[in-house]
Amino acid sequence: MRINYLKKYLSLVPNRICMNLKLLLVAPFLLGASFLFAQGTISGNAESTFQYLNEDTVIGANQPPSKGLINSYMNVFYTNGNFKAGMRLESYLPRIQGYPNRFDGTGLGMRYVGYSNDFVDVTLGSFYEQFGAGLSLRAYEDRALGYDNLLDGARIIVKPKKGIVLKGVYGYQRLSFQEGRIVHGPGIVRGTDAEFHLNEVFPKMANLPVDITLGASFVSKYQKDDNSVLNLPENVGAYGGRFNLHYKNFYFDGEYIQKEQDPSNDNGNIYNYGHASVFNFSYTRKGLGILVSGKSVDNMSYRSDRTKDLQDVFINFLPAMNKTHTYNLVATLYPYATQPIGEVAFQADVMYTFLRKTKLGGKYGTTLGFNYSTTYEPKKNYSSTYPSDSTGIAYKSTPFVMSDSLYWQDINFYISKKINKKFSGILSYYNIMINNDVAKISNDAQGVINSHIGIIEMLYKISSKHSIRAELQGLFVQPKPDGEINDKGNWFTALVEYTVSPHYFFSFMNQYNYGNPDKDKRVNYPIVTCGYIRESTRFTISYGRQRAGLFCVGGVCRFVPANNGLTLSFTQSF
Amino acid sequence: MITFVLAFFLFRMKKKYVMKLSILTLFCFIIGFSFAQKEHSTSSNKKIPSIVLKDMKGKSVNTAEMGLEGPIVISFWATWCSPCKKELNTIHELYPDWQDETGVTLVAVSIDDEKTKARVPVYVNGKAWDYKILLDPNGDFKRAMGVNNVPHTFLIDSEGNIVYSHNNYAPGDEDKLFEEILKLGAK
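For the record, the sequence lines run as chains A and B. Under my numbering, the first residue of the first sequence is numbered 1, with each subsequent residue one higher. Under my numbering, the first residue of the second sequence is numbered 1, with each subsequent residue one higher.
There's no promise every hint is true.
[Stated by the list, open to error] Residues on chain A that point at chain B, a partial pick, calculated with CB under 8 Å:
#1 Ser43
#2 Leu145
#3 Asn280
#4 Thr284
#5 Ser573
Derived by calculation from the structure, the hints in this document are not laboratory data. Fair warning: this is a prediction, and the values are worked out from it, not measured in the lab. Cβ atoms here follow ideal geometry from the backbone N, Cα and C, with glycine treated the same way.
This is chain B alone, in the form it adopts within the complex (with noise of 0.2 Å):
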């Protein structure tokens, strides 16, 4: 019945509904998809893509399987991004403190291209920061991770569920991520 209904209209739209009704195709199957996901697994619906980087060794890395134990900060930053090297270096000061806490793992994504990736190694020990970093010249990782813009910060507990996101960095966000990751240990 619902499906002569349905034939009955597509039958007699005009075309400019078409475009209109193929939105809200994709809309429904968004807001469907999503919503499953919410019965499937109970405490996230995002996983980390697999998507295969490679780090400044030149060694290749599959995101889905980094083989971290504990929580683990996925941070996208590039060397010409002002807030996103704020962060890092703010997190800098307190990484050592963290890890004792929590046992975190940070892993900063520089999304450099080729005009500026050879400036990454320079960068990062130049600023002699302790974190794994991995190389996203094509934008595969960030594109995967739906990263509009950079900075972009994801939490990951251990068993690899995307628990909290942020976009942007403003002083005194890395204590609203701490607190996330705090939490992740009292569970």
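Pulled out of the complex, with its shape left as it was, chain A reads as follows (with noise of 0.2 Å):
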């Protein structure tokens, strides 16, 4: 009778709105169903991003054919006592610009259920993970960049005892996402890895002046030799150790990883063994940080497929040594992305306030910051006794032993201070040095791009909840040797922005880049934004130029054009 009264109502209305009623009908029984197991607790977020993009040929954006573009996510947790269950559903409607390509559809992205104790942790499904620093495997996303390298397989964490920490993990990487659906890298990845904080291992070491925690970790890809002329290794181990002591201010942790014959598209199919390492050393206390930091690296891109490139399918993690900056001439127009071939880097940073109600520290205090990174390549010895005929080694490198080709240089310091109650501000200088001719960052630049920038803020609280805040930021470029200006020659930002607490923003940017040695291209990039923030929703809307460049998170970079036009995004957590 019932179905009857249905079909006679749903064939009066057009099929697709019929469709919609079908699905209406369906909701309220999985409503009903999904109370009767609701007890535990629900978590996540979501994010969406909408633009509409203009034809803008000054500043060489395209629009594309769909003209809107849309990226959504949302992840969703479940945890019930000991029970664990996650998913992230993605759709892009197309991508927005700047993303992975080949992203597209709608569906899951990831998905997992779980299930841990004080003693046990095992994942099933998706998962990420890093083992120490990184060196060995690192599994993560970033889904600014569209960045995701996940691990689709099994995890277990044992906790044998206080301060020891075994894992074991099993699994493909996730590579892409096309039509709706995870696309994964063609190479298993396994990997182990244990760690002892000592001072908890054993009791009497508990009361010692000095944390010790030591780690271990092996990791294997195995991917198979498809290649009819080289002989492949499908089995490449990647395996080290790390430590991590504290005694009093003192902070010293370092890791050394070793790889085995990877011959790969990044590194010319030579049969090299690679090597990675790291170290930290610093002093602190109240009011002053000291920090010395080197890396060196050679041959350790290490992918779960060898004929990859750019960010796909890393099983490691090989981070950029120098200070991540946030002003915006500073942050995205010369960023250095990590040579995962080879580099040798080091960074110093110091931080020093004059503490409240001293002579230079005023009444709220003055602080100082010093940062200086480096990076060069390495030193290789070519050698006769390594014919790159017969063994397939090109050369003999040592861990921190550098060439005289430079890579990146960084000197940078600024002054910040609270002058009243109302008025506070930063001055900062930086004098950056980037090689384009190895970590590429311009089509218009030849050599080292020698750059300095000169930053003023200031930040004006007008009443309790109202405040401006301005940036001035100009970049000026030294000319190369015979004179003529490299890349773009100079630029000029300035930056207003108004903020009423805790709801609403206004900001207002332009970029103007009078100095580009083509006049037709000496162009204005102004971008207005304004957003609206009630607890944890954000919606945000911003309508300009943006001109192309090199958008990075922790020294992974990702190119992305020029564009004109709308965005409006949406962020919740719950």
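Could you use the hints to bring the two separately framed chains together as a complex?
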């Protein structure tokens, strides 16, 4: 009877609406079912970014055929006692500009179930993991970059005793997301890791002034040898150890990983072993922090597909060793991305605060910061005893021994001062040198780009809820040895931001490439952004021009083409 | 009867609607769960997820069992995030008063990855912060807490319920946060 009535009713409405009605009928049923299960906790978040782009020939921005672009995702995590499950739905209809161009469709991009208690934690499905500093294995996501090399398989974490953590992972990596489905890389990744916090493991050490953590990891990948010319190793291991010491005000940590023979597209199919090491040494006390870091990498591109490049299916993580800058011109014009084939890098960082009520500190204190980082090509000894045609070993290298070929250098300092209750400011200076022949950043530049950047930031608190903030930024590029302007020349950026706590913000930014050697390209890039925030919901709208450039998070970068148009974004956590 | 109707529609459904259905399913489950939550607990529907992080000394800390008394503010930040640093530096000046009045503890969770993680103790001590610091280099806690971007600040009552959260920082937001902390004291 009821079916007959429904059929009759449904036949009156067009097919599409009819379908939606069918869906609506299913909804209450599912809703009821979910109530039956509901006892644990649900959390998660969602994000959606929509772009409507215009054609803008002046800056080289194209209008996509669909005009509109949209990326969305939602994470849902469920825990109930020791049980956990989670998933992420992703949608690219089509993807926004700068995102990996093969992402399309709507579907599950991540899903897992798991069980954990104080002794064991087991996960089946997708998971993220990092062993030590990540030189051997790091599966992680950065949604802003479209980066996601999660492992799909199984993971177990066992804590047999306080202070001991043992891990085992096995899985395929996520390579892409096509037609609403995860696409995996062809190689299997498996690894195991052990870590001992000695002060917790041995009760006698509990009260020692020195904290010691030791760890070791072993990772291996399997990929079929499908090459008819070369004899490729199908199983490639990477292994090593790490330590972490803490004594009074001193911190000292380091990791060393060696990788077996892994001829790949990245290294030109050589049969060298690879190695990577990193150390950090720091001294801190109230008002003072000093850090010295070093990193040495040679032939350490480690992927679950030897034919891939860019940011695809990396098993390990080789971060660049420099400060991550925040001001627009410093952060986005000349950022440095790691060279996994090899680099030797050093960094020094010092921060000092003249405490309040001292002569230089004034009423609120004054902070000074200094940072220096440099990266060189490793020294490679090509020797006749290692002919590249017989063993495939192309050269020999020693950790931390570098050549005189500069890849990167950054010298910067700042002074941050609160003048009075309403007014505060930051002054900063940067000298950045980047070797465009190696760490390619621009099609218009040759050799090392040497730039000087000065920035003034001011914040004025009008009332308890209203504030205004302004930034003035200037970037000056040194001419090439022949006297010509290098890259795009000088830039000037101004930003004004008005905020009304806790709900609204309005900002206007203009970047002006006034020093471009090509007069037709001396262009302004104005953009207006405003936003509304309510607790953990955030809406932003922006309209204007954005220049082409590298967008980087943690030394991992993607290229974003120039665009002109409207961007709407929505984020929510729950 | 309803099951029969459901099966009937599922059978007749075209492939392209299966996706719609699965999204609707998810949606319904979320709605269902979140309403059900409200029935089960009176004050809040979200607790701190249990994730094991490390502090700056290398000691493991379970985020669900931090052993702190009184209200907790969890603030996600990074050494490369200017508004995060503005927020935490502003609260730093008010923190002794906040602690005296409400017994609140601020836990600053750094999402710096291996690139910038070593700069965390330099910044924290360089600014003479008194906060409890946790390191989340692979974003496990960030993901579990549903954080899209930093700064994101959560307020947790003494029973471990998340009672307030705020994404973004503008000068003055700290006053709103303190109001919310005071509300907990009045309970």
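Right, here's what the structure says about each hint:
A distance limit of 8 Å between C-beta atoms decides the matter here; for A/Ser43 the minimum to chain B is near 5 Å, and the interface restraint holds. The beta carbon of A/Leu145 is not positioned within 8 Å of any beta carbon in chain B (closest approach about 12 Å), and the interface hint is therefore violated. Because the beta carbon of A/Asn280 sits about 4 Å from the nearest beta carbon in chain B, less than 8 Å, this interface hint is met. A least Cβ separation of about 4 Å between A/Thr284 and chain B falls short of the 8 Å threshold, and the interface hint therefore holds.
At its closest, the beta carbon of A/Ser573 sits 3 Å from a beta carbon of chain B; the interface hint therefore holds under the 8 Å criterion.
Checked against the numbered hints given earlier, this structure breaks only hint 2.
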